[in-house]
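Residue numbers (the numbering used here), protein chains in the order written: chain A, 327 to 614; chain B, 1265 to 1534.
In short, the hints are calculated from the structure, not lab data. Some hints here could point you the wrong way.
Stated by the list, open to error - Here are the in silico distance ranges between beta carbons for each label pair:
id	chain 1	residue 1	chain 2	residue 2	range
1	B	Ser-1409	A	Leu-374	14 to 24 Å
2	B	Ser-1288	A	Asp-505	18 to 28 Å
3	B	Asn-1406	A	Phe-520	21 to 31 Å
Note that the coordinates shown come from a computational prediction; the quantities given were computed from them, not determined experimentally. Virtual Cβ for every residue (Gly too), placed ideally from N, Cα, C.
What follows is the residue order along each chain.
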Amino acid sequence: MTPTNVSSKSNFYFKSYRKERLMLWELIRINSKTYTRKLISIILFFLLWEFLCWIDFNFIINFVFVPTPVEVINAFIQFINDSPWVHFKASILRVIGGFISGSILGIFVGLLIGSSKILEDFLATPLELLRPIPAVAWIPLAILMFPDAESGMYYITFVGAFYPILISTQKAVENSLSDRLMIRVGQSLGANSFQLFKDIIVPSSLPGISAGLVIGMGNAWFCLVTAEIIAGRFGIGYKTWESYVISEYPPIVMGMVLIGLMGAFSSFVVLKITDSFMPWRTISKDGI
Amino acid sequence: MNQNIFTKTKGKVVIDNISISYSSRNEQIYALKDISATINPGEFVCILGPSGCGKSSLLNGIAGFVNPSNGKIALDNKVINKPSPEMGMVFQQYSLYPWKTVKENISFGPSINKKGNESPEEIAVKFLDMIGLSKYANHYPNELSGGMQQRVGIARALANYPDVLLMDEPFGALDSQTRIIMQENLLKIWREFKITVVFVTHDIDEAVFLADRILLMSTLPGKIKRDLKIDLPRPRDKETTDSKRFIELRQICHSLIREESIKAFEKQNQ
């Protein structure tokens, strides 16, 4: 679909080998049809929403109390005019803190238990027992265990990011270890265990680790909102919940939309950053 | 290359009465039984046999990936029990590291072994030039054709300056035109480096064209059925394949292989 496919196919004929780097406007021009369709779909979505509110739709789902898109936008404008940065800053810092500590620890432990049977035996079981515990269930203990609410919230965000990163790193490493040919190549070139790990196992596990990081980022946002609802004083999740408590409905939806947008954006950023670590991949989805 | 003077006396492989067996479903299956052979320094030996005769097992044994259940294999009087950079291995296709560029693939071996006073970078540049792919130094393997990838595979194995080059059906996946060119280039490289080559193939023409000696293998369990000297003059080129002697030698191999293939086929059907 994108022109990169064309160049990857032409490998066959030994011609141009470099993936062509397209300018942004070229990409927009090429994909303009898709963009138009996507834009229309969003407009239709908002129109439908507005319409359902306008007719006070009430069959199974009740739209009577649902604010209309216009009300949500007004709430947003009001929110922006009313010192929003405390909330943004609080939420973003918690997500970044939880995500980064979750990534470092998740990747580190994942690499260890993915490559060593002994460490897996020692570490995997307790980690596996803690894994299914939802973020909400951690809140009371987090309040008791940490010196203040803030560090407790960091912890809950961390838990959300940690597990998907841990599991996908572990599985990616195990998958790389099952590729006997790649390991034999390294051995025959004289690589020792550490060199095999560093130059072969880790790079070939990167796509799996990247998937874990993207999911982990999304999870960090889920868990953040949970944490802020119970224990926060600032933050987008807190703002959303506060609005519900004081029966002000438009900001609720605004908070939801903001969380969705920031979650999607941060996952996108993680995806782009991790992709830049794997420049060797050429992905052609429609040319299978 | 200054190391050539020495490599002429190095690279002797002695296979001493080895058997390699696998246990599969509580049954001991011999891939190879009681094989002995001596491969001299600088010799080009092809191991030829039908599929499933254990020729890859023999090569994996020499490479040190598989340890024989009895007997031993030695390189220059040193028993082989694990892979070592003294033996370069060229695998079947798709064994380049996709996350390393062509140049990084070649310099990987030298960068972890560090012998001599050439930097890994210099070695990579030299070998890229030798295989004629200097232009593709910074490309990734998936941007290269199969033939080019295999040239890089050969360069990568040679970049450690091994005493023996082991090749496991390296041209099996290439089209016949590319294959012939690759064979001619391989002979050139072999002449230049004067290293021992052990080349596994099931292609009779390929074996006769390349080898000084063909070890013809029989199946189940694998044994060396015939040690055939190939007395075709060198350097060999396209005309070699038209000569009377080439056709004769091919004929000999053909009838021996055919017997084995039928035997293997019948055994599998039992």
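For the range 18 to 28 Å, tell me whether the beta carbons of B/Ser-1288 and A/Asp-505 fit it or not. holds (22 Å)
For the pair B/Ser-1409 and A/Leu-374, does the Cβ-Cβ distance stay inside 14 to 24 Å? Cβ of B/Ser-1409 to Cβ of A/Leu-374: about 52 Å, so the range 14 to 24 Å is violated.
How does the Cβ-Cβ distance of B/Asn-1406 and A/Phe-520 compare with 21 to 31 Å: does it lie in that range? holds (27 Å)
Figure legend: structure checked against the earlier numbered hints; the only hint not met is number 1.
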